[in-house]
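The listed protein sequences correspond, in order, to chains A and B. So for the first sequence, this note's numbering puts the first residue at 1; every next one is plus one. So for the second sequence, this note's numbering puts the first residue at 248; every next one is plus one.
Be aware that a few hints might be false.
Sample of chain B residues at the chain A side, in silico, Cβ under 8 Å [claimed, not checked]:
| no. | residue |
| --- | --- |
| 1 | L294 |
| 2 | V296 |
| 3 | Q330 |
| 4 | E337 |
With beta-carbon atoms standing in for the labels, derived distance ranges [claimed, not checked]:
| no. | chain 1 | residue 1 | chain 2 | residue 2 | range |
| --- | --- | --- | --- | --- | --- |
| 5 | B | R366 | A | D46 | 51 to 59 Å |
| 6 | A | L108 | B | D419 | 39 to 47 Å |
| 7 | A | V241 | B | D312 | 21 to 29 Å |
No wet-lab data here; the hints were simulated from the structure. Since the structure is predicted, the reported quantities are computational estimates derived from the model, not experimental observations. Each residue gets a CB set at the ideal place from its N, CA and C atoms; glycine is no exception.
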Amino acid sequence: MTSPTVAVIRTESRLFARERLSLFWVVLFPSLLLGVLGLIPSFREDSADLGGRSMIDLYVPVTVLLSMIMAAIMTMPPTLTGYRESGVLRRLGTTPARPASILLGQVLVHAVAVAASSVIVTALGRLVFATPLPESLVGYVVAYVLALAVSLGIGSAITAVSPNAKAGQVIGMVVFFPSMFTAGVYVPVEVLSGTARDIISFTPYGAASNALNDAASGAFPQLVDLAVMGGWAVVLYLIAVRAFRWE
Amino acid sequence: MNGLRKTYGDKVAVDEITLSVHEGEIFGILGPNGAGKSTTVESIAGLRVGDRGRIRVHGIDPWTDRAALTEVLGVQLQEAKLQAKITVQEALELWSAFYADPEPWAPLAERLGLGTHLRQRFENLSGGQQQRLSVALALIGRPRVVVLDELTTGLDPRARREVWDLVRDVRDRGVTVLLVTHSMEEAQALCDRIAIVDAGRIRALDTPAGLIDAASAATITTFETSVAVDLTSLRELDGVTAAHSENGTVTVEGGEGVALALIEALRTQGVTPLRLRVAAGSLDAAYLDLTDTSPDTHAMEALR
């Protein structure tokens with residue numbers, strides 16, 4: 001890594017720290033949601049239907065995915081389409097710093113914010129609602145990294161195919177709600193069964209949800225779920241790389 | 248630059264532009280909006296690749312070797328902004344980190360009147376301050392050539408003059424300046440040579456004085472008179488391109504030497520000119536001559 005790249009990444013981290021709205025949605029909102037749901041007494045009771053787990057147990061991985069959705073779909077694409085539209089990328093292209101470094105910086109900053117959010121959510125669940133920590137740590141990390149990769153892939157693809165910031169917002173919204181649903185924000189995926197569950201399992205966040213839940217309850221995630229996430233990630237990054245324009 | 252041509256779809260933005268800029272001069276590219284100025288400089292900066300032609304900047308091909316180009320070429324782009332929440336100081340420090348031997352940013356910021364705005368965010372700067380920051384960033388890497396696109400747009404007259412002084416200083420340090428502008432005043436004040444570009448072609452290329460001399464109104468002579476003057480006979484004088492009278496003030500435009508011929512003619516007509524003034528024509532007239540809708544005849548003359 002050359003030093004201009006480091007300088008760009010450092011600047012992007014500073015700038016991200018100034019985006020209060022982004023910080024709220026990515027870092028605070030998932031914990032807030034978990035806290036509010038935890039106030040519902042029935043959510044804290046273990047249920048035989050859920051394999052001896054409580055609803056709040058299921059919502060820990062859901063809120064982890066929620067922060068990924070917020071970062072990758074709600075905050076990263078508008079920042080990058082904005083940079084393209086206002087000429088930041090073009091301007092950087094005239095310096096020895098490669099404009100790709102600013103994309104890398106944004107991806108890294110958002111990944112770090114998501115990781116911070118995940119730690120807070122997990123700690124909150126553990127300390128306040130006594131949710132168990134993931135039993136298969138290795139499985140959880142593998143599922144987590146893949147889920148994060150596929151999320152940033154979605155964000156990159158949205159950035160790449162949007163001709164301008166306005167279009168980016170519209171596409172972002174169109175992707176946002178199905179993502180929320182398949183990640184289980186409205187109803188945890190574990191609660192669903194039958195055909196609906198099968199279909200959801202083929203979406204990036206459906207598969208992520210399955211994999212995180214498996215790992216949380218001690219099993220290594222099923223290969224099919226990991227494969228679904230990996231497949232989506234490859235497709236999305238191909239789209240992003242092929243469609244991306246600097247101006 | 249040799250035979251640069253660039254089209255967007257059916258539209259020809261730049262059509263066979265050939266020019267060479269000498270080391271250490273301020274070279275102006277002047278023309279109306281949409282003339283192809285920005286496309287030309289963006290091609291020089293390596294941001295666009297021409298359909299045809301060849302460009303070399305200190306021997307570097309901007310289209311294939313952008314990394315090497317960025318070390319010798321500083322660019323201030325028209326309407327290219329920075330991140331909204333970056334402060335002036337952060338931008339200067341960031342750009343300093345891009346180069347091995349950057350110019351110290353603090354004195355540079357001071358000279359560009361940004362010294363008291365270092366903590367201000369880009370989004371809160373006025374248009375003129377954003378412009379000056381952009382100029383500072385273009386200079387920070389000690390470039391040998393600097394491209395300034397619409398340099399003083401949005402600056403107040405005092406700020407403009409300060410930026411002009413800075414540009415002259417930069418040139419005096421041996422840096423070649425390529426200045427893109429649609430301001431006649433700016434081109435006349437700063438440039439050693441000017442290329443007038445219209446519809447993707449060079450209409451004229453000369454020093455400011457040379458362009459003015461070649462124009463139809465190189466000198467403008469005015470005088471007042473209480474008696475009627477035979478304008479028709481004045482128009483027939485050698486070198487006169489226009490003569491008109493308004494509220495007792497007569498204005499005669501033409502090439503060099505017109506003033507003497509005019510005074511001679513007035514004496515034979517028995518007219519005594521009052522408040523006689525002879526002024527050099529401005530670049531405006533030359534420019535309008537060259538960029539009007541049927542430019543070919545004038546342009547060909549000016550090119551010689």
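Here is what the structure says about each hint:
Below 8 Å, beta-carbon pairs count as interface contacts, and L294 of chain B has one with chain A at about 6 Å; its hint therefore holds. Interface hint at V296 of chain B: violated, since its Cβ lies 13 Å from the closest Cβ of chain A, which is beyond the 8 Å cut-off. Here the hint on Q330 of chain B is kept, as its CB sits about 6 Å from the closest CB of chain A, short of 8 Å. Taken as an interface hint, E337 of chain B checks out: its beta carbon lies about 6 Å from the nearest beta carbon of chain A, inside 8 Å.
Take R366 of chain B and D46 of chain A: their Cβ atoms lie about 55 Å apart, and the range 51 to 59 Å holds. For the pair L108 of chain A and D419 of chain B, the beta carbons lie near 43 Å from each other, so the given range of 39 to 47 Å is met. For the pair V241 of chain A and D312 of chain B, the supplied restraint of 21 to 29 Å holds, since their beta-carbon distance comes to about 23 Å.
Hint 2 from the earlier list is the only one contradicted by this structure; the remaining hints agree with it.
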